[in-house]
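As you go down the protein sequences, you meet chains A and B in turn.
No gaps in the numbering here: position 287 of the first sequence is 287 in this note's numbering, and each next residue is one more.
No gaps in the numbering here: position 324 of the second sequence is 1324 in this note's numbering, and each next residue is one more.
It is worth saying that the hints were derived from the structure and are not from the lab.
It cannot be assumed that every hint is accurate.
[Unchecked claim] Covered stretches of chain B, as calculated for chain A (at least 3 residues, CB under 8 Å):
#1 1059-1069
#2 1354-1362
[Stated by the list, open to error] Computed far set for chain A versus chain B, every beta-carbon distance over 12 Å:
#3 Leu-32
#4 Pro-44
#5 Pro-76
#6 Leu-79
#7 Arg-97
#8 Gln-127
#9 Ala-254
#10 Ile-272
#11 Glu-367
#12 Trp-398
#13 Asp-402
#14 Ala-440
#15 Thr-527
#16 Val-532
#17 Leu-555
#18 Asp-566
Keep in mind that this is a model prediction, so the values were computed, not measured.
Ideal placement from N, C-alpha and C gives every residue a C-beta, glycine not left out.
2 protein chains.
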Amino acid sequence: MLQSKTFIPTLREVPADAVTASHRFMFRSGMLRKLANGLFVYLPLGLRAFRKVERIIREEMDATGALEIKPSVVVPGELWKESGRWDSMGESMLRVRNRQNGDFVISPTAEEAFTAVVRDELASYRQLPLSLYQINTKYRDEIRPRYGVMRGREFVMKDAYSFHTDETSLDKTYEDMGRAYRRIFKRCGLSVIPVKADSGAMGGSGSEEFMVESDIGDNTLILCGACGYAANVEKAACGPDYTPRLAPETARAAAASVPPLEKIDTPSVRTIEELCAFLKTASKQFIKTLIYRAVNVEADLPGASGEAFFAAAIRGDLDVNEAKLAAVLKASEVSLAADADVERLTGAPLGFAGPVGLTGLPVVLDETVTGMNDAVTGALEKDFHYKHAAYGRDFEGWITADIRTVKAGDRCPLCGGALYEKKGNELGHIFKLGRKYTRAMNVSCLDESGTSIVPVMGCYGIGLDRTLASVIEEHHDEAGIIWPMTLAPYHVIIIPVRYEGAMKLAADKLAAELEARGIEVLLDDRTERPGVKFNDADLVGIPLRAVIGDRNLALAPPCVEVKRRDEKESRLVEAAAAAEELSGLVRTELERLNR
Amino acid sequence: MLQSKTFIPTLREVPADAVTASHRFMFRSGMLRKLANGLFVYLPLGLRAFRKVERIIREEMDATGALEIKPSVVVPGELWKESGRWDSMGESMLRVRNRQNGDFVISPTAEEAFTAVVRDELASYRQLPLSLYQINTKYRDEIRPRYGVMRGREFVMKDAYSFHTDETSLDKTYEDMGRAYRRIFKRCGLSVIPVKADSGAMGGSGSEEFMVESDIGDNTLILCGACGYAANVEKAACGPDYTPRLAPETARAAAASVPPLEKIDTPSVRTIEELCAFLKTASKQFIKTLIYRAVNVEADLPGASGEAFFAAAIRGDLDVNEAKLAAVLKASEVSLAADADVERLTGAPLGFAGPVGLTGLPVVLDETVTGMNDAVTGALEKDFHYKHAAYGRDFEGWITADIRTVKAGDRCPLCGGALYEKKGNELGHIFKLGRKYTRAMNVSCLDESGTSIVPVMGCYGIGLDRTLASVIEEHHDEAGIIWPMTLAPYHVIIIPVRYEGAMKLAADKLAAELEARGIEVLLDDRTERPGVKFNDADLVGIPLRAVIGDRNLALAPPCVEVKRRDEKESRLVEAAAAAEELSGLVRTELERLNR
Chain A
1 MLQSKTFIPT LREVPADAVT ASHRFMFRSG MLRKLANGLF VYLPLGLRAF RKVERIIREE
61 MDATGALEIK PSVVVPGELW KESGRWDSMG ESMLRVRNRQ NGDFVISPTA EEAFTAVVRD
121 ELASYRQLPL SLYQINTKYR DEIRPRYGVM RGREFVMKDA YSFHTDETSL DKTYEDMGRA
181 YRRIFKRCGL SVIPVKADSG AMGGSGSEEF MVESDIGDNT LILCGACGYA ANVEKAACGP
241 DYTPRLAPET ARAAAASVPP LEKIDTPSVR TIEELCAFLK TASKQFIKTL IYRAVNVEAD
301 LPGASGEAFF AAAIRGDLDV NEAKLAAVLK ASEVSLAADA DVERLTGAPL GFAGPVGLTG
361 LPVVLDETVT GMNDAVTGAL EKDFHYKHAA YGRDFEGWIT ADIRTVKAGD RCPLCGGALY
421 EKKGNELGHI FKLGRKYTRA MNVSCLDESG TSIVPVMGCY GIGLDRTLAS VIEEHHDEAG
481 IIWPMTLAPY HVIIIPVRYE GAMKLAADKL AAELEARGIE VLLDDRTERP GVKFNDADLV
541 GIPLRAVIGD RNLALAPPCV EVKRRDEKES RLVEAAAAAE ELSGLVRTEL ERLNR
Chain B
1001 MLQSKTFIPT LREVPADAVT ASHRFMFRSG MLRKLANGLF VYLPLGLRAF RKVERIIREE
1061 MDATGALEIK PSVVVPGELW KESGRWDSMG ESMLRVRNRQ NGDFVISPTA EEAFTAVVRD
1121 ELASYRQLPL SLYQINTKYR DEIRPRYGVM RGREFVMKDA YSFHTDETSL DKTYEDMGRA
1181 YRRIFKRCGL SVIPVKADSG AMGGSGSEEF MVESDIGDNT LILCGACGYA ANVEKAACGP
1241 DYTPRLAPET ARAAAASVPP LEKIDTPSVR TIEELCAFLK TASKQFIKTL IYRAVNVEAD
1301 LPGASGEAFF AAAIRGDLDV NEAKLAAVLK ASEVSLAADA DVERLTGAPL GFAGPVGLTG
1361 LPVVLDETVT GMNDAVTGAL EKDFHYKHAA YGRDFEGWIT ADIRTVKAGD RCPLCGGALY
1421 EKKGNELGHI FKLGRKYTRA MNVSCLDESG TSIVPVMGCY GIGLDRTLAS VIEEHHDEAG
1481 IIWPMTLAPY HVIIIPVRYE GAMKLAADKL AAELEARGIE VLLDDRTERP GVKFNDADLV
1541 GIPLRAVIGD RNLALAPPCV EVKRRDEKES RLVEAAAAAE ELSGLVRTEL ERLNR
């Protein structure tokens, strides 16, 4: 492709709102332009790279046996009402009413559409397992779109959904997808961190997020430098330095020598810090008890119908992780209850809640609390606390679970190594969805014995735009992008110092020879100074550069100057051998990444 | 691909609302399912054919030098307000307000987005001509979606937009696009009728529609069996059997011997039929005058500002074509005026309008009227008409134009042959847009002399879904689809009578040999009766079928039965030569269509 025949409007200036490398370079290299906040146009160069991401994903999905389909982008609101997400998706879902007053959704995800397709066709277990996917436009009405396509409103997602007779079959596809995802990111030249993740509003359990480290990441990752343990803080497990979960009777036995529970007067003392000062002890000795309100509770919580209040008790020096708590309750959201609710439910103002004698609402105990048998805690009465509170003896909970926030410096749950934190961006996510959608939308089929069963589902997404931007985040220098060969818009850029005479002939010849070998070539035929062409080539990031100048052509034998974008030094290659040399480099790189 | 590993849910029954062959067969063959009225899901088989249409279009667009880009599907309403189409597009454009109260549009077409992209990058004439295109999701809020994807709400369109310094450059690209379109449809195996068309709400002049004959077509085509003349009735020109347009002075001279204008009493006579009976003459002798209201008038009409009234006069036996009239006035819409407006503007009730003495509003004369010098017409007074009215002597018009509806039986404007009518569906459309968008959206660049110029535009669309459906309309029989090789989801279907033993071995071997030759193979490995498999294969329409049965394998040498979908008879081919034979047939067909 002659550069004058395509459209690569490079920019000297950095767009004012571009604070990340990918945003900056996608604009400066002429890959991308903005139509409005969070809405973009891929220009020819950007689209070439985008299509390569798309092709890699398609190949790896097809290799798992998943089948591509193409639902509409605009889907009927009815389907979302069936699943219940019409109400639970919130304002990030763009809804539209058509001229006949029908409700529609600009798809943010497609569990409903795929479930509807399968529901109508499914009769027998013999049709399962079935994995379907699309690579299609999605829309989420982000309040603050930023970082270019990293957090846009419209984007392209590959989303796959699998349907199974049982969990064993789901497990197999889930593993296949996990392997496919690792291959996809490897082929894109990306270093991803697969982490166990909270599955959030999607429902179900069992999921893995594919993260890239990023200063602008939405997620906090908990990582172990020693063993490679990686988790989203929303789900990071507790390390072995904490007391393991004890059964009530074991705890009770251990509390045999502890003095009996004693109510003490703690006038105007409410916070842990105030208590520590007042009692001259450490926060580790306290049981902190917080009252939460949960929405859309699906756990079998006494008295819960959609919304419910409950208490969460944890060792005083630790923090409750609301995402973990929500997962325990299978709730779509949990948040601290209002002061008035706290008073109504605990019988005391804020600051005096505790698990002992708390009967007005269910208590979730963090595992750490089961190891506490001589603790201080609120006495459900203004200005009073208990001393010598012992789990198993003085109180039990409704449920015991790991609801603690893991922090940098904590010890790794696998190897005991020190954990550290990183910000990360999620590129892909695989979930075991369970039967949430198949139940809500009445999907069933007959099993081998002729009994009606409800299939179990998995879902598997990758954001294409974000993946592309992340590749640039990982592969760039100050001058511009350094494309991995698999995604490069062109493999080789040929720069004649001037596109005339012998240099033009040599450039055209090399381009033709490369193209005959299946290599994608950009030939900079513009009448710009060589410095401008070199800068643009570095900015655009084509992995291999061949410079054709009078002086090197005049050597015996005639030579061209070959340089890798990721190396500083160039070297002379005989012009006659240049095509073979360059195409060899291209193939080697492609094989290395695609292996 | 093993049939058991893909997802081809064929149906015995015809969907109730499927009245056309393409709708029926796309559902029955398992290509397509419906999510809601006008919203569909392409299943794997349908998507394979769809992608082939897409690839052909992309190849031919690229061959013209057009560059593919990918704008968002949701675009800011601001752009549509700039062009003025926010108001003029009407309710078929789906608008949505986001959570920050911004107006957005689900793109029905993309003149605005492309113009905005070019506006921001254009500095010099050296960057022109520039042709950009996308193949992307579009949405039109059809009131009555029907015929499956032939008239859906969401669809995929290839839309290209070209930008030029002058009309000569536009003409060249317009011609290139016309040739590309002819190649696209030929490669898809479609017989299209390129017709001159009214360019409607898109504005500009010079356009060509690519139509297919269809009983359910939206358009009426005027065709000449003798010379191949083809036109949309909205723009079909008048044949040579009508008086050519005369200048006023010529007409005046020809009226020298005509008696002077005479007002006659015609009590209670209003319609042409009543007048014919009353005056015992033919409708050809009357000048019929109708009062119209026009919206968004862009022509230099006296007193018009957006909306205007005017009169249209035509020979009594002919009909005014409102689309041609709207084109003359550059109006987005024309419709007959209300009775009260007629009375106010002509000074008489309905039925007595005429061009003589009509000063209250501009008069558009059909060309036929300029040849009338002894006509009867309304006298702008209740119960009175004029006799002996002569153009040039007794009246002139504001403008003279061809505004007549051409009908079957009229004579061809090119060769004088008899015209006939057909219903047609538009698959593609190429337009010369002029400067409507570049002016409204302030696009400019410097020309060679450093003067600022406004570029001229062309636009070029093809509906992919509709093209695919039209292929099925043209290529099917009672049993199902008969795919042209270029679009076939698979080139060859292999049907072992039973997928076991020697038949399984032979089927697997043939599939492997074909796939090694780059042939796309579907292998029906299901445990169905042969009759079921044959029926499904006919329904799905794979162009070549190889049946592998025990009896033919037992011949010496072993044989398989090969049959073309478009032929009745099968023949035996040596099993050892079957792959070579079948791949030869595939290549021959591909070459014939792609030539």
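Right, here's what the structure says about each hint:
1. Judged by the Cβ-Cβ criterion of 8 Å, the region 1059-1069 of chain B is covered by chain A as claimed, because 4 of its residues qualify and three suffice.
2. By the rule of at least three residues with a Cβ nearer than 8 Å to a Cβ of chain A, the coverage given for the region 1354-1362 of chain B is violated, with 0 such residues.
3. The claim that A/Leu-32 is not at the interface with chain B is violated, since a C-beta of that chain comes within 12 Å of its own (minimum 10 Å).
4. The claim that A/Pro-44 lies off the interface is violated: its Cβ sits roughly 5 Å from the closest Cβ of chain B, which falls inside the 12 Å cut-off.
5. Listed as outside the interface, A/Pro-76 is inconsistent with that label: its C-beta sits roughly 4 Å from the nearest C-beta of chain B, within the 12 Å cut-off.
6. Not every CB of chain B lies more than 12 Å from the CB of A/Leu-79, the least distance being 7 Å, so the non-interface label is violated.
7. Distance check for A/Arg-97 against chain B: the nearest CB is about 9 Å away, which does not clear 12 Å, and the non-interface claim fails.
8. With a least CB separation of 8 Å from chain B, A/Gln-127 falls inside the 12 Å interface cut-off, contrary to its annotation.
9. The claim that A/Ala-254 lies off the interface holds: its Cβ sits roughly 54 Å from the closest Cβ of chain B, which is beyond the 12 Å cut-off.
10. For A/Ile-272, the non-interface assignment is confirmed: its Cβ lies about 39 Å from the closest Cβ of chain B, beyond the 12 Å cut-off.
11. A/Glu-367, annotated as away from the interface, keeps every beta carbon of chain B farther than 12 Å; the closest lies near 40 Å.
12. Even its closest Cβ contact with chain B, about 38 Å, leaves A/Trp-398 beyond 12 Å, as expected for a residue assigned away from the interface.
13. No beta-carbon of chain B comes within 12 Å of the beta-carbon of A/Asp-402; the shortest separation is about 36 Å.
14. With a closest Cβ-Cβ approach of about 17 Å to chain B, A/Ala-440 is found to remain outside the 12 Å limit, as its non-interface label requires.
15. Taking the minimum C-beta to C-beta distance to chain B, about 10 Å, the non-interface status of A/Thr-527 is violated against the 12 Å cut.
16. Consistency note on A/Val-532: stated as away from chain B, and its beta-carbon is indeed over 12 Å from all of that chain's, at 15 Å minimum.
17. Once the 12 Å rule is applied to beta carbons, A/Leu-555 is consistent with being away from chain B; the minimum gap is 34 Å.
18. Taking the minimum C-beta to C-beta distance to chain B, about 28 Å, the non-interface status of A/Asp-566 holds against the 12 Å cut.
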